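> Sequence:
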Amino acid sequence: MKMHHAHPKAGFARNALPLHVVEGIKERIAQVQREIQDAARRVWFEHHYGDMRTPRLRSEKHGEVERCAEKLKGYLYPPWESPEGRQSDHACTRVLCCGHTQRESCLTFITLPNPDREALKHMAYARGLWVGDLLGALVKPALEEWRQSQATDDGTS
Numbered sequence: 000m001k002m003h004h005a006h007p008k009a010g011f012a013r014n015a016l017p018l019h020v021v022e023g024i025k026e027r028i029a030q031v032q033r034e035i036q037d038a039a040r041r042v043w044f045e046h047h048y049g050d051m052r053t054p055r056l057r058s059e060k061h062g063e064v065e066r067c068a069e070k071l072k073g074y075l076y077p078p079w080e081s082p083e084g085r086q087s088d089h090a091c092t093r094v095l096c097c098g099h100t101q102r103e104s105c106l107t108f109i110t111l112p113n114p115d116r117e118a119l120k121h122m123a124y125a126r127g128l129w130v131g132d133l134l135g136a137l138v139k140p141a142l143e144e145w146r147q148s149q150a151t152d153d154g155t156s
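Sequential numbering from 0 applies to the sequence shown in numbering that gives the first Met the number 0.
Keep in mind the hints are simulated off the structure, nothing from the lab. Be careful, since some hints might not be right.
[Unchecked claim] Between beta-carbon pairs, the in silico distance windows are:
hint : residue 1 : residue 2 : range
1    : Pro112    : Leu71     : 17 to 27 Å
2    : Lys60     : Ala118    : 28 to 38 Å
3    : Asp37     : Thr107    : 51 to 61 Å
4    : Lys72     : Glu45     : 17 to 27 Å
5    : His121    : Ala90     : 36 to 46 Å
6    : Ser58     : Glu144    : 24 to 34 Å
7    : Ala90     : Gln36     : 22 to 32 Å
8    : Arg85     : Pro17     : 43 to 53 Å
9    : Lys60     : Pro17     : 14 to 24 Å
10   : Ala136    : Gly23     : 22 to 32 Å
11   : Thr53     : Tyr76     : 21 to 31 Å
12   : Gly49     : Leu142    : 36 to 46 Å
13   : Glu80     : Leu142    : 47 to 57 Å
[What the hints assert, rightly or not] Computed list of lysine-lysine pairs in DSBU-like fashion (alpha-carbon distance at most 35 Å, straight line):
hint : residue 1 : residue 2
14   : Lys25     : Lys8
15   : Lys60     : Lys25
16   : Lys72     : Lys60
17   : Lys60     : Lys70
18   : Lys60     : Lys8
19   : Lys60     : Lys120
20   : Lys120    : Lys139
21   : Lys120    : Lys70
22   : Lys60     : Lys139
23   : Lys25     : Lys70
24   : Lys25     : Lys72
25   : Lys8      : Lys70
26   : Lys8      : Lys72
Predicted model only: the values in this text are computed from it and were never measured. All C-beta atoms in this analysis are idealised placements derived from N, C-alpha and C, irrespective of residue type, glycine included.
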């Protein structure tokens with residue numbers, strides 16, 4: 000490609016790439032190789048995207064990459080760097096993205112407007128917690144206070 004750009008009339012390439020693409024290709028290849036060698040990253044992607052069919056068309060592949068990149072933007076740091084709740088070969092148990100798979104967890108729903116829900120996610124990520132763990136930590140003091148008030152009301156203090 001560099002020869003094609005240096006001597007365009009010589010016909011070195013039928014499908015020439017732009018020079019800026021050619022210049023950065025070695026670094027991009029090295030970056031992809033580093034990403035593939037990261038075992039935690041590889042396993043995370045296998046758990047989250049491994050059952051999807053492989054797109055045949057280039058445009059479909061680019062679409063999948065864009066959807067994945069958009070999903071990853073929602074995390075303040077890569078989810079494969081968060082601790083695992085437990086070991087599993089079949090499912091992701093990373094606390095940041097799949098905290099609901101922890102042994103002591105159960106799903107409970109709360110109603111929040113979108114801005115508050117996003118703020119809650121960011122607050123959890125900033126503390127290195129799954130959203131459910133953060134909610135549990137925030138609710139525990141109120142539960143303890145309620146239990147104490149119930150014991151006082153019953154006269155069993």
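> So, for every hint listed, does it hold in this structure?
Outcome of the hint check:
1. Pro112 with Leu71: 17 to 27 Å: Holds - the Cβ-Cβ distance for Pro112 and Leu71, about 24 Å, lies within 17 to 27 Å.
2. Lys60 with Ala118: 28 to 38 Å: At roughly 34 Å between Cβ atoms, Ala118 and Lys60 fall inside 28 to 38 Å, so the hint holds.
3. Asp37 with Thr107: 51 to 61 Å: 34 Å, violated
4. Lys72 with Glu45: 17 to 27 Å: Given a distance of about 21 Å, which is inside 17 to 27 Å, the answer is holds.
5. His121 with Ala90: 36 to 46 Å: About 25 Å separates the Cβ atoms of His121 and Ala90, which means 36 to 46 Å is violated.
6. Ser58 with Glu144: 24 to 34 Å: 57 Å, violated
7. Ala90 with Gln36: 22 to 32 Å: 23 Å, holds
8. Arg85 with Pro17: 43 to 53 Å: 48 Å, holds
9. Lys60 with Pro17: 14 to 24 Å: Given range 14 to 24 Å: holds, Cβ gap about 20 Å.
10. Ala136 with Gly23: 22 to 32 Å: Check failed, 44 Å falls outside 22 to 32 Å.
11. Thr53 with Tyr76: 21 to 31 Å: Holds, since Thr53 and Tyr76 (Cβ atoms, about 28 Å apart) stay within the stated range.
12. Gly49 with Leu142: 36 to 46 Å: 39 Å, holds
13. Glu80 with Leu142: 47 to 57 Å: 31 Å, violated
14. Lys25 with Lys8: Distance of about 25 Å is within 35 Å: holds.
15. Lys60 with Lys25: OK: Lys60 and Lys25 at ~21 Å, within 35 Å.
16. Lys72 with Lys60: 19 Å, holds
17. Lys60 with Lys70: 16 Å, holds
18. Lys60 with Lys8: Satisfied, since the Cα-Cα distance of roughly 33 Å is no more than 35 Å.
19. Lys60 with Lys120: Given pair Lys60, Lys120 holds - Cα atoms ~29 Å apart, limit 35 Å.
20. Lys120 with Lys139: 19 Å, holds
21. Lys120 with Lys70: Distance ~13 Å between Lys120 and Lys70 Cα, so the pair holds.
22. Lys60 with Lys139: 45 Å, violated
23. Lys25 with Lys70: 27 Å, holds
24. Lys25 with Lys72: 25 Å, holds
25. Lys8 with Lys70: It is violated: about 44 Å lies between the C-alpha atoms, which goes past 35 Å.
26. Lys8 with Lys72: 44 Å, violated
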